[in-house]
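Novice: Listed here are the chains, written in short residue letters.
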Amino acid sequence: MKDVIRLGSGSGFWGDAIDPAEESLRKGKLDYLCMDYLAELTMALLQRMKMKNPEAGYIPDLIDHMRSLLPLARESGTRIICNGGGVNPRAAGEQLRILADELGFTGLRIAVVEGDDMVERMDQLVESGESLINMESGEDGFSNLRERVVAANVYTDSSGIRQALAEGADVVVTGRVSDNALYVGPIMHEFGWSHDEAHADLIGSAITAGHIVECASACSGGMSSCFDEMPQMGMVGFPIVEFSRDGSFVVTKPEETGGKVNSFTVKEHLVYEIADPANYIMPDGIADFTALTLEDLGNDRVRVSGVRGKGVPERLKLVIGYQDGWIGEGMVMFPWPRAYERAVKARQTLTERFERLGLVADDILFSFVGLDTLHGPATKDTEIPDLNEIGLRVAAKTSSRSEADKIRRACTQLWIMGPGGSAFGTPTKPRPVVAVWPTLIDHAAVTQSVTLLEV
Amino acid sequence: MSRILADIAYVRSGDKGDTATIGVIARTPEDYPRIKRSVTEEKVRELFGDWVKGRITIFEMDNIESVVVYMEAALGGGATRTLRLDQTGKALGNAILRLPVDRDNA
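Which chain is which? The protein sequence lines are A and B, in order. As numbered in the numbering used here, residues 1 to 455 make up the first sequence, in order. As numbered in the numbering used here, residues 1 to 106 make up the second sequence, in order.
Bear in mind the hints are in silico, worked out from the structure with no lab data behind them. All C-beta atoms, glycine included, are put in the ideal place defined by N, C-alpha and C. Be a bit skeptical, because a hint or two may be false.
[Unchecked claim] Covered, in the sense of this in silico footprint (three residues per stretch, anywhere, with C-beta under 8 angstroms from a C-beta of chain B), are these stretches of chain A:
1. 74 to 82
2. 269 to 276
3. 388 to 399
4. 412 to 421
5. 435 to 448
[To be verified] Across the chosen pairs, the derived CB separations fall in these ranges:
6. A:245 - B:55: 38 to 44 angstroms
7. A:126 - B:6: 45 to 51 angstroms
8. A:388 - B:45: 30 to 36 angstroms
9. A:63 - B:55: 49 to 55 angstroms
10. B:103 - A:444: 52 to 58 angstroms
11. A:123 - B:58: 38 to 44 angstroms
12. B:57 - A:127: 33 to 39 angstroms
13. B:45 - A:402: 37 to 43 angstroms
14. A:63 - B:58: 34 to 40 angstroms
15. B:57 - A:256: 41 to 47 angstroms
16. A:123 - B:103: 58 to 64 angstroms
17. A:98 - B:98: 51 to 57 angstroms
18. B:98 - A:389: 37 to 43 angstroms
19. A:124 - B:98: 48 to 54 angstroms
Build the full structure now, drawing on both the sequences and the hints.
Specialist: Below, the structure written as structure tokens:
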């Protein structure tokens, strides 16, 4: 039995590079390659794809990615775990089976983990007594949006992944399993841990390891405030976790790759997108980051120890996506001289056009690109010099596509109505809004299932 | 000499629904107490004005000399429905570096 297992992070989101995952498989001596593809917006997009075609709904790039990864993983004896099944893990599994067949990988076992998709079960959940109160805003208005629901997925724990691994899967493809469970699953499986008090700290540590590496290069120099100290980010190495049976772990990356792993890059991601660091709540448990220690070992290696854990939360997060109108937006650039004055005049002209076109909008936001687009009211009032150039951006939220299209039309009309020198790219089409309603449901309402497909 | 947080801290920010989270990391251990004194709910609320409509909570992580600023109803409705260009608050967090550093008591 191993005392240290090696897990590579192979993807941090849908759109991430695939070559670093290939490099980790070649150089990393990995036991597992774990790949996260999903986000709230991604789930809604995939659901729309599935509505158009019942065979779609998984990450479209998944099969191409596996075409390059599977031969490498077979050579290195690495098992791959990914949530690229999106809202249709079964279809993804079937496509992977066809791919493995094509590659001649006889005996390869592909496991499909399902059970997170609740979109067909919303009424049943309500009938069973779930209030579906919005966990962020505290609102109790789910019935008002019931008719507009397009997706509903539970962030599930690692139990499906563990079962799949126990049944000998070489590749595990899941739906909306939490990003974190992609790492916690294999660690619990390898060390034979269960969800009891004796393992709470150890599982807390596995959760922390998952948190640090699940966004891939975000802990090896990506997104860094010290960006100018990060070498060759175009050839960045994705992180690898060496997880020990005692719960401590080392974060590192393959040799001769770009970026860095040091206690600062790990800190940068430890503080990312968390609420109370003493209670980092994941479906597999609650981790306490406030007692852990980071130790720089040199050579892109950081040792993490001392994580505490607090057992499994009673409720699971369910994210419901629903149709919520449209957004229209546009952007125009203005040149020196008097760029700012041109932009201010264009804003006035657009406001008049919106009135003339009878625009009905819930909200309109104007911003000056180059001045206050990113920090809004936090932008210091400073005297504006005669800028080289500036942009004017406008976005509006409307209830229909035709209203949102008035933004595009008004912006296009600035071609000639606007101040001299106005420059445009291609006008932006209106986009539909899928808003999210996060809520909590009972653990017991969710059952995961595992299907093995053998080649 | 008056300083701002940008002189003593680094930031990484992101989103959870309509909540913006900002991790503020001390550049040196000596900077950490200054960060704790400088990043208060009142000052953060004043800085962001009407872009933050909900509660603001500040969590301390003494072990890694960092604080996490958790701002609810702060992203204009969340990534999928906000009108802002910075849909997930990745850029927003850096604004906190504009806060003045609270002077040492000494």
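Novice: The structure should be examined with respect to each hint, and the outcome stated for every one.
Specialist: Now the hints, each set against the structure:
Only residues whose beta carbon comes within less than 8 angstroms of a beta carbon in chain B count, and the stretch 74 to 82 of chain A has 0; fewer than three means the coverage is violated. Check result for the stretch 269 to 276 of chain A against chain B: holds, 8 residues qualifying (beta carbon to beta carbon below 8 angstroms, three or more required). Three residues within the 8 angstroms Cβ limit are the bar, and the stretch 388 to 399 of chain A against chain B gives 4, so the coverage statement holds. With a cut-off of 8 angstroms between beta carbons, the stretch 412 to 421 of chain A has 0 residues touching chain B; three or more are needed, and the interface restraint is violated.
Counting residues of the stretch 435 to 448 of chain A whose CB lies closer than 8 angstroms to any CB of chain B gives 3, which reaches the minimum of 3, so the coverage claim holds. Distance hint check: the CB atoms of residue 245 (chain A) and residue 55 (chain B) are about 41 angstroms apart, consistent with the given range 38 to 44 angstroms. For the hinted restraint 45 to 51 angstroms between residue 126 (chain A) and residue 6 (chain B), the CB-CB distance of approximately 49 angstroms keeps it satisfied. Residue 388 (chain A) and residue 45 (chain B) have their C-beta atoms about 34 angstroms apart, which keeps the hinted 30 to 36 angstroms range intact.
Checked against the given bound of 49 to 55 angstroms, the beta carbons of residue 63 (chain A) and residue 55 (chain B), roughly 44 angstroms apart, lie outside it. At roughly 55 angstroms, the beta carbons of residue 103 (chain B) and residue 444 (chain A) sit within the given window of 52 to 58 angstroms. Separation of residue 123 (chain A) from residue 58 (chain B) is about 41 angstroms and conforms to the stated range, judged on CB atoms against 38 to 44 angstroms. Between residue 57 (chain B) and residue 127 (chain A) the beta carbons are some 35 angstroms apart, a value that agrees with the proposed interval 33 to 39 angstroms.
Taken as a hint, the range 37 to 43 angstroms holds for the pair residue 45 (chain B) and residue 402 (chain A), whose Cβ atoms sit roughly 38 angstroms apart. Between residue 63 (chain A) and residue 58 (chain B) the C-beta distance comes to about 45 angstroms, which lies outside the given range of 34 to 40 angstroms. At roughly 43 angstroms, the beta carbons of residue 57 (chain B) and residue 256 (chain A) sit within the given window of 41 to 47 angstroms. For the pair residue 123 (chain A) and residue 103 (chain B), the supplied restraint of 58 to 64 angstroms holds, since their beta-carbon distance comes to about 60 angstroms.
For the hinted restraint 51 to 57 angstroms between residue 98 (chain A) and residue 98 (chain B), the CB-CB distance of approximately 55 angstroms keeps it satisfied. Between residue 98 (chain B) and residue 389 (chain A), the C-beta spacing of about 24 angstroms breaks the proposed range 37 to 43 angstroms. Look at residue 124 (chain A) against residue 98 (chain B): about 50 angstroms separates their beta carbons, and that is inside 48 to 54 angstroms.
When each numbered hint is compared with the structure, violations occur for hints 1, 4, 9, 14 and 18.
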